[in-house]
Amino acid sequence: MQKVIIESAIKLDSKQLEAIEAILKKRVSGKFSFENTVNPEILGGIRVTIGSKRIDLSLKGKLEQVKKQLA
Amino acid sequence: MEIHVSQIIFQMINFGVVFGAILFLLYKPIIKMLDDRRNKIEEGQKAAEASIREKEEIDALKKKAKTQAEKDASKLIEKTEDEAKELKTKLSKEARDEMKIWKEKEMKKWDDQMAAMKKEMEKNVADMAIAIAGKVIGADVDKKTHVTLINSSIKELERSLS
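Chains as they are written, first to last, in the UniProt record's numbering: chain B, 1 to 71; chain A, 1 to 162.
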């Protein structure tokens with residue numbers, strides 16, 4: 001069973017968690033256990049970590065991309 | 001006075017003897033001596049003329065040698081001057097080329113340094129801008145905005161996994 005960590009700036013409600021679970025079950029093979037952690041540092045949006053793979057959809061991640069492009 | 005034939009004959013014989021004596025004892029030796037003297041004088045003259053000719057030949061040779069030596073010296077001086085000019089031009093060109101290479105190197109070094117500094121500054125400015133933006137955004141995002149951002153991220157998640 002793969003552990004999925006969902007980071008958000010505020011706690012996710014059940015609807016949001018269910019939506020994410022549904023997407024992952026549809027698109028990624030395997031069984032999952034879900035964990036939502038609150039991380040204000042990401043500023044907004046979510047950051048999903050599935051095993052060693054990370055999908056950064058947070059505001060902070062977007063700012064980092066902008067920083068890379070500027071540099 | 002009576003003329004005796006015997007006296008005449010005697011005188012004639014006497015004269016002949018004296019003449020003969022003078023001829024053989026004086027005339028011929030004197031002539032021989034004069035001839036010898038003339039020959040010596042002639043030989044002396046010839047030797048002098050030969051000596052004068054030899055001297056003239058030597059002088060001509062000396063003059064020729066001197067002229068040739070002057071020509072050779074002049075050529076050598078000219079050649080040395082040309083070589084000196086050539087060397088001067090070559091050294092000047094080498095110095096200019098070296099200076100040009102050094103200048104290009106230094107300019108490139110300077111350009112590289114400036115580019116590195118510019119990149120560093122841009123990075124610092126970007127870091128600062130992002131840090132400030134983060135602080136501003138972090139302070140300004142309310143719950144409603146958070147929910148909107150989360151829903152938007154969920155849609156993006158679906159797109160990124162498809």
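Some clues are possibly wrong.
[Stated by the list, open to error] Straight-line alpha carbon distances no greater than 20 Å define the calculated PhoX-like cross-link-like pairs of lysine-lysine that follow:
hint: 1; chain 1: B; residue 1: Lys67; chain 2: A; residue 2: Lys119
hint: 2; chain 1: A; residue 1: Lys93; chain 2: B; residue 2: Lys15
hint: 3; chain 1: B; residue 1: Lys26; chain 2: A; residue 2: Lys119
hint: 4; chain 1: B; residue 1: Lys67; chain 2: A; residue 2: Lys123
Hints in this document: simulated from the structure, not taken from any laboratory.
So which hints don't hold here, by number, going up? Hint check: 2 and 3 fail, others pass.
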